[in-house]
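> Chains A and B, in that order, are what the protein sequence lines are. Counting with the numbering used here, you get residues 579 to 785 for the letters of the first sequence. Counting with the numbering used here, you get residues 579 to 785 for the letters of the second sequence.
Just so you know, not all the hints are guaranteed correct.
Identical chains share a label here; the pair holds if one copy fits it or two copies do between them.
[What the hints assert, rightly or not] Derived pair list, reagent style DSSO-like, types lysine-lysine, alpha-carbon separation capped at 30 Å: (1) K580 / K626; (2) K714 / K783; (3) K619 / K714; (4) K580 / K665; (5) K732 / K580; (6) K732 / K619; (7) K714 / K759; (8) K585 / K626.
Source of the hints: derived by calculation from the structure; they are not laboratory data. Please read these numbers as outputs of a predicted model, since none were measured by experiment.
Number of protein chains: 2
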Amino acid sequence: MKIYDFKGFPNPARVRMAVAEKGLADRVEYVTVNVPEGEHKAAPFTAKNPAAAVPVLELDDGTCIAECTAITEYLDNVVGEPTLTGKSPRERAVIHMMQRRAEATLLDAVATYFHHATPGLGPHIETYQNREWGEKNRERALDGMRYLDRVLGKQSFVAGNVFSMADITAFAGLIFADVAKIAIPAELTKLHSWRANIAARPSVKSI
Amino acid sequence: MKIYDFKGFPNPARVRMAVAEKGLADRVEYVTVNVPEGEHKAAPFTAKNPAAAVPVLELDDGTCIAECTAITEYLDNVVGEPTLTGKSPRERAVIHMMQRRAEATLLDAVATYFHHATPGLGPHIETYQNREWGEKNRERALDGMRYLDRVLGKQSFVAGNVFSMADITAFAGLIFADVAKIAIPAELTKLHSWRANIAARPSVKSI
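Chain A with its partners taken away, still in its complex shape:
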């Protein structure tokens, strides 16, 4: 399998964590797509992902899988028991719900702030910006952090008491928040201690 990505960026980090958590590192070849130079926005890369985003997983038969949740589904089901996306129908549903919430309320909100209300990746990449919408999403990202803090006051991980894809998404959201300079408010102590807990996982070394 090949993964096209740019090391250190938030969405690539999600898939790199999933690869490491599943013990698949020696089956993956990473290929760098120069996102800061806009390589993801042009052919030939857009043939692999018309959405012009990394990461993309390319299977040995040439099938290209984009979208972090879809890639994680693949990795989680291709070896061993699913450990990131749940086993029972109820577990699967809760993990998918909490993953989507972490994505919509935190990661996507931070990304929108970064790409619309800051210089982002520079004028050659950020060809359309709506500053007001970007600023609105900074508020949404902070709301997302407050929501996750409340959740983590009741359970150890984002989707319950077991580590899952939902934790990976939320962790990537906080990595992106660092880049975008949106600090986690000090009073969100549950979110801070969850983050320290996740940061200690061996899979984080791979990102």
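Add chain B to chain A, keeping to what the hints say.
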């Protein structure tokens, strides 16, 4: 199982189609949430879904599942073989990818146009609007339609040659586009014929 929704709206339509496709209609009790009056934005409903959106699936043990993809995962895994979200790791990955693309490029784009650049559900619900962002998303929705038309030139359904959750999302996107008055361009003949094909499925009668 209970499903809290508002019949006729696009996201409720996704879950109603999934219920019907899985033959689960007689196991579900629908409870109306008066979205036009803002019932989804206040307690007690927000205790079921802090994201303040319908639909929500409530299991018999009280667990509330929000997000259409998560509800569909549950319904698809709780009875019979999965028919909406795929069986093999590769199938699952492709369906999740195409579902997310249909959601991001069409359904979410149409929703953003509707809620930001039209009166939407009225001033008591649309308490923040960014018209420029809304108009930008009208363009994105049309790009999404053009993308799906290209996909459907190569295969019968959105995620391949089998009906899946990705078709449900795209179909709901077109229902929403009707409401928002974004017409499918006439030249997108593959998208038009796919829509007619999906509209003929018995599950569409339930929405």
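> At most 30 Å between alpha carbons: which applies to K714 and K759, within, between, both or neither?
both (15 Å within a copy, 26 Å between copies)
> When no copy is named, should K580 and K626 be tagged within, between, both, or neither for a Cα gap of at most 30 Å?
The answer is within: 12 Å in one copy meets 30 Å, while 41 Å across copies does not.
> For the identical chains here, do K714 and K783 meet the 30 Å Cα criterion within one copy, between copies, both, or neither?
Neither: 33 Å inside a copy, 39 Å across copies.
> Can you give me the call for K732 and K580, within, between, both or neither, at a CA distance of at most 30 Å?
between (38 Å within a copy, 25 Å between copies)
> Cα distance capped at 30 Å. Does K619 pair with K714 within a copy, between copies, both, or neither?
both (26 Å within a copy, 19 Å between copies)
> Tell me, please, which holds for K585 and K626 at an alpha-carbon limit of 30 Å: within, between, both or neither?
Intra 18 Å, inter 38 Å, cutoff 30 Å: intra-copy only.
> Under a CA distance limit of 30 Å, which applies to K732 and K619: within one copy, between copies, both, or neither?
Between copies only: 23 Å across, 42 Å inside.
> First find the shortest C-alpha distance between K580 and K665 inside one copy, then the shortest across copies, and answer within, between, both or neither for a cut-off of 30 Å.
Answer is both; intra-copy 26 Å and inter-copy 22 Å each pass.
Violated hint for the displayed structure: number 2, the only one.
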